[in-house]
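Participant: Protein chains in written order, with UniProt numbering: chain C, 1 to 542; chain D, 1 to 331.
Note that these hints are calculated values from the structure, not bench results.
No false leads were slipped in.
Okay, the calculated beta carbon distance ranges per label pair: (1) Ser437/C <-> Arg315/D: 25 to 33 Å; (2) Asp518/C <-> Ser96/D: 28 to 36 Å; (3) Leu15/C <-> Gly66/D: 13 to 21 Å; (4) Pro435/C <-> Gly111/D: 56 to 64 Å; (5) Arg307/C <-> Ala221/D: 57 to 65 Å.
We put the beta carbon where it would ideally sit given N, CA and C, even for glycine.
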Amino acid sequence: MNKPFAITLDVRSSLANHTGMWRSERPVYTAGLPPCQHACPAGEHVQAWLYAAEDGSYESAWRRLVQDNPFPAVMGRVCYHPCETACNRAELDSAVGINSVERFLGDRAIDAGWRLPDAAPATGRRVLVVGAGPCGLSAAYQLRRLGHEVHVHDAGEEPGGMMRHGIPTFRLPRDVLDIEIARLADLGVTFCMNSKVTDLRETMRAGGFDAALIAIGAQLSRRAYLPAGQASRVLDALSVLGSVADGERPGLGRAVVVYGGGNTAMDAARTARRLGADDAVVVYRRTQAQMPADRQELDEALAEGVRIKWLRTIAAVGEGSLTLEKMTLDEAGLPQPTGEFEELAGDAVVLALGQDVDRSLLDTVPGLRVVDGVIEVDEAMMTGSPGVFAGGDAVPTDRSVTHSIGHGRRAAVAIDSWLRRQDPPAQRQERDPVPYSGLNTWYYSDAPRSVRPRLEAARRTDTFGEVVGGLDEDTALFEARRCLSCGNCFGCDNCLGVCPDNAVIKLDGANHYAIDLDYCKGCGLCAAECPCGAIEMVPEES
Amino acid sequence: MTQTAKFYQVGSRAVGNRLLPLDQRTEQANPERRNALTSGHRACQGCGEALAARYVLDAAAHAVGGRLVTVNATGCLEVFSTPYPESAWQLPWLHSVFANAASVASGVAAGLRTTGRGDIRVLAQGGDGGTVDIGFACLSGMFERNDDVLYVCYDNQAYMNTGVQRSGATPGGARTATTEAVGAEPGNLFGIGKDAARIAIAHDIPYVATATVAELHDLEAKVRKAMSIRGARYLHVLVPCPLGWGSATSETVRLARLAQRSGLFPVIEAEGGVVTSALPIRGRVPVEEYLRPQRRYAHLFRGEGRPDLVARVQRLADQNIVRYGLLDEES
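Make a model of the complete structure from these sequences and hints.
Facilitator: Right, dumping it as structure tokens:
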């Protein structure tokens, strides 16, 4: 008898008993939609690049990230991170600092000199991109990767659009922007600067372009009629920010009033403080609850001594002072005048009331329709003019760099399909993001959020240096590992362990598992004990 | 800013995790684990006992390099794993009768010692019926003689194999086939039954511990520690039973976790008659959260319910928390 010590029966003899026959439901590994990815206007696969970063594979993480967005270092500074607002971890302790990890990866790529992946073999197609802002650059990058020849025309001297002219250096240092844009030139995108396109069809014909993307942004500052004296100074926020970005230091006086409640207003007020204003006051006609500015920008502004006058409009601008009218909210939440007035000292008024699209180019494109001041586009981002697409601030959208980058990517995909004479890819079926209740959070370690260092408030108003610092490697790794990996397996082996029937198999070489349906009785323990909700129980066909 | 503490996303709670160094993962995360109780056994869906038996025996076999013999009392575990001539065991396994697993194990240990094979270790196992009631005299004798056996009791709190009859481990208020949910005090009586772990501690044996199927790292550490000690050792593992408790098959691990988090099942360790550690409660829950998903307690919540009886169960949990200081480190 050739059997192991003290054993008389054949071992493993129960394996002949296929208990999987008992099953009425089977576990299936799924990949759910993480809420961060769902919320990202640029369409970043946040969970996927965090997963790579979790084991210190920063270059893989960066490479996954730049598939969707070529500007991680810029994004890690200027994005208002709706991903973090959506993050399920906020219900556990606090949201994962996705934006700070993104910046860490972006900065790491700059330090290490990582290059974008090479372009696909040339397709022989040529695409004209009008506007070198975030939308145009994002589209140019994606189109170039697909092997198309891309020419970006822009009236300015340097590419970057609002990233260069609208965002102050204390939020986005220009060397960071320059390096990330230079990677696109290395990839083979052709930049034609100081080249304002005035007749789109003519430029396309002359250059032999097969398609075009209009990404001209919204550059015209909205004005408001303000009764103003001869000596009063009324400026618009974009030109103030633009001239500071060009290295000028326009004198605004000691008391500066900014009119408006958006992010541009915050940037303008913070810039005024740095230009020497002792008092920078934002005048906004509604309350904080209705303010369009990002909460973080508001907090930074307040930390730098910016004052806010809620529920006020400017009635008249005099020399060295303004007249404000107090407002009140009606039942519909709209501001209504009260007839009460007050004086406010102010040497200059900076208007930050929003921006409009310059129509001069648009009117030359036959078939293109402008509705409510913005370009009408279909689901594939094509205008009424075949082969002419549009994106960014010039189409109906929430206006942010992140949205524009997302537009650029979507437009590029659609343009690629159009060039290949294919239907645009079907709109992805809208899936619901994985809810917090879909997770088994017992398993996650407690871990408070890491906070990025900030320049001391006292030192901010005399420098245009960057306010928010980056995370060091240990802290970035810690922050990446706070990710709950919602809906996507992260290799914790729980399913492998909790199966009473040993019916979960770990596949070689990767953190992937399979179910041995010969023995799985369908109890559902693996699904219930999966921390991230990546296993679904599916009824067997009877 | 530097984080000095190592942080691994799920760290010490999940079974494994790709980020953890290999030596910090559980034996169950090892793709090469022994699977001492292999597939094809006939335990019910979601069986806590089948799960615990594999956890315990894989860890014990690993700890002693595979030189392990196990003796089984009669009960579910024996019946579902070995309908003749089939066996789901991948190690030497011996069954005699209901009452005598501890005695047989003592004899196997003695036999191995006298034949010069003292390197082979003995592990006895049984359910709560075979341990707390039927085999109790044999177990106490094994403790008294300090025989070199680790006895493991898989406690699912009733005789599940024969149709869910009450055992000495059935908790107060629980319905079984022999303690029906009728009368003024429905379900099992309060104040009767045995706390086997405390009785084992009272024998002053080298090592006694309790554990659940919900805390795998803790369970495996206790098995390893037990196998590093010679003499009589006792491990009492709570194993929810979907059939007898009337719970969903997917809830087995969660219920074990809730039993610990409510304080109803204290997870402790004792050496030489002295309690040396207790697993602190992380996120305390009221006992109701543990009782409600189980049909054996449904009569406590039907209609107007029996808040008085729920309160009695809560008092038992509170008593455990005080006795073992379960909230000392974290509350």
